[in-house]
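Got two chains here, separate frames each, mind docking them using the hints?
Chains as they are written, first to last, in numbering that gives the first Met the number 0: chain A, 0 to 164; chain B, 0 to 224.
Please note that a few of the clues may not be correct.
[Stated by the list, open to error] With beta-carbon atoms standing in for the labels, derived distance ranges:
#	chain 1	residue 1	chain 2	residue 2	range
1	B	Leu-75	A	Ala-134	32 to 40 Å
2	B	Gly-123	A	Gly-136	45 to 53 Å
3	B	Pro-176	A	Gln-1	32 to 40 Å
4	A	Ile-133	B	Gly-20	28 to 36 Å
Because the hints were derived from the structure by calculation, they are not lab data.
Please read all numbers here as calculations on a predicted model, not as lab measurements.
The C-beta atom is built at its ideal place from N, Cα and C for all residues, glycine as well.
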Amino acid sequence: MQQLEFEEFYQASRDVCLKAVLASVGDRQLAEDLVAESFTRAWMSWHSVSRHPAPRAWIVRAALNTRVSWWRRRRREVALDRGHEIADTTASDPGLDSALLAALRRLPQRQREVIVFRVFLDLDTKTTAEVLGIAPGTVTAHLSRAVTTLRDQFISADNNPEAGS
Amino acid sequence: MNSHDTQAAAVLDAVKDSLDGVTMHTPVEQIVTAGHVRRRRRRLIATATGVAAVTGLTLGVPVLSSPPAGRPGAVLSTAAGSVHIRTAAFSVDSYTDGTVHVTWDKKRYFQDHQGLQQALRDAGFPALVKEGVFCQGPQDNGYLDPSGVGPGVDQVMQGERQGDGTVVFVFTPSAMPAGKELFIGYLSPSQLAVTHGQPGSVERLVSTGVPLTCTTQPPPPHGQA
Chain A
0 MQQLEFEEFY QASRDVCLKA VLASVGDRQL AEDLVAESFT RAWMSWHSVS RHPAPRAWIV
60 RAALNTRVSW WRRRRREVAL DRGHEIADTT ASDPGLDSAL LAALRRLPQR QREVIVFRVF
120 LDLDTKTTAE VLGIAPGTVT AHLSRAVTTL RDQFISADNN PEAGS
Chain B
0 MNSHDTQAAA VLDAVKDSLD GVTMHTPVEQ IVTAGHVRRR RRRLIATATG VAAVTGLTLG
60 VPVLSSPPAG RPGAVLSTAA GSVHIRTAAF SVDSYTDGTV HVTWDKKRYF QDHQGLQQAL
120 RDAGFPALVK EGVFCQGPQD NGYLDPSGVG PGVDQVMQGE RQGDGTVVFV FTPSAMPAGK
180 ELFIGYLSPS QLAVTHGQPG SVERLVSTGV PLTCTTQPPP PHGQA
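Isolated chain B, as found in the complex (with noise of 0.2 Å):
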């Protein structure tokens, strides 16, 4: 080992052992009660969806009414009306069992947002979609998860990771509560600047024919709206 790669050494070990102290403070206990919670509220959405395709019944309960992303059975629409759009930015495509599944390009789909906004009503899926303005209707309390996810977005948007490792994003029109529709609020090139350059967006439904309340203000941090 040269003088050289001593140095080196010297400097990643004292970086390295600069974070000695630092430890997990969150109990396993809370990890795991957090997965089976998610578990189960899958396994509850699944099964409803299951009972209610099985008896015909009109799917108009919004929570019950979200097929579980990648179903077992659904292929390509060809049906009247079914939509099937490729572009560089993005794929939507209409399925047999009434959902929508999107596929974008991360580095690219904010180039057409626009586009994909059509698409995603010609597919009969109700979606508002901007860049750098985030928009919110009267009643929402702005309150977002995490993820940047308003409530009930998951019972009409569900992403799935492929095996090769492209993310499909499953849209469920027949689960979007009537007189709503999804916002999402990407990133603009400025705001990207938080992300070093990753997209980001924020996911919330929002009121059809009612004023919304736009802002190019990003949401306020988690837990403060």
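The shape of chain A in the complex, shown without the other chains (with noise of 0.2 Å):
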């Protein structure tokens, strides 16, 4: 009972969750890595995890943590110290939006993390400020900032034929 009930969960969530950590970590196949592994977690605490209030951000908030500690398998990355700013890893990826997904990776971290929680699982302002630990003000103000930076970056793209070329 309790296997059919998480398989209806990951059926249901699995491309929610995905989608969001796609968004924060910006590399497909890390994004799948993590959130297979989150899931996983999640069955194995599958009494615990299903009476969370919201479960899709559980799994997302645990493979955003997995990643932390995943930080060596993120060897492009290494080249900030470098001077390179992001590795774009999804260039090679069709249906993805590389130039959508690399504004998001230059989003500040926590904005990104209330887009992720607030557009992509479509939680409240309330329940996104509970999971990330800040006041409801602060996701508001981060939210703002977070349209009006992508905005200001699609709307430059838009005048410039050649960006992102």
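Structural data, given as structure tokens:
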């Protein structure tokens, strides 16, 4: 019974969680690995995770936390120390808007996390604040700044046809 | 809704829509099977530990000697040689079941890694803790699992999340294989750039009494060691 319940949760939530994590990490394969690991942990603790007020948020939060310990897989990002900003690991993945993912990755981490939980998981401001451990007003402020930054980038790109080519 | 709100909604819709075609390929069977395997492994360890305790066997086989974190009945030890240390960065406590329970402040623990190393050793747990330096023994193949943990570490060190969200690490000195110690390598502040400042570390068992090969180069990606 529990397994059936978990399987239904997985089928209904996996793509949403994957998109949320992908928006944060910017790497399709890494995101899939992280989400799979997170769902595995959820299944192992399904008794408690299933009672979580926002199980999808649990999955995504756990995936993003797991990423911290997967840092060595991200050798490309070590290039940060050598002056490169962010490695584009999505260019070869068809179907992904690499320019938009790159724009997300350029956002400060907290703004990106707010986008992940508010937009991709459709959490309200209060729940997002609880998940991230910040005040609801801070969530609103981060979201507003993120929107402004993204809008400016899109407008800039639209006005410059050569941008991103 | 004013024009600003409309623009904001449009931007966020565009962001969300941009990943519309993304789907998860991992089948649920793979997830469930992986969870079953891990559960069975935990039960095996817990059961074997209980048998060993009842029969009074000397715990000589590492895989059978690691108690589950938070074992019922274990309380703070007041026996001679027990250790109870509280610092701003970490706490180390000996328990009556022979385990050593450790908590640490994620933001501070790397500031006193030598203190943590000494506290663990004082509690009877052989450990080598470094920051920004990664060591391995001559026989170590360098393998690390996706969590940055080498073979056998889960037998001597287990993490358990508490109800308040903190994580208690339970170290089991009796489970440490002879001639081995636990190496913990924390990311240095400059290396933390790759984790956006959040702490990261590598744990592996290394041999004692032999020269270790240490490097400031972080270990290679999983599967490429």
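So, going through the hints one by one against the coordinates:
no. : hint                              : verdict
1   : B:Leu-75 - A:Ala-134: 32 to 40 Å  : 37 Å, holds
2   : B:Gly-123 - A:Gly-136: 45 to 53 Å : 49 Å, holds
3   : B:Pro-176 - A:Gln-1: 32 to 40 Å   : 37 Å, holds
4   : A:Ile-133 - B:Gly-20: 28 to 36 Å  : 31 Å, holds
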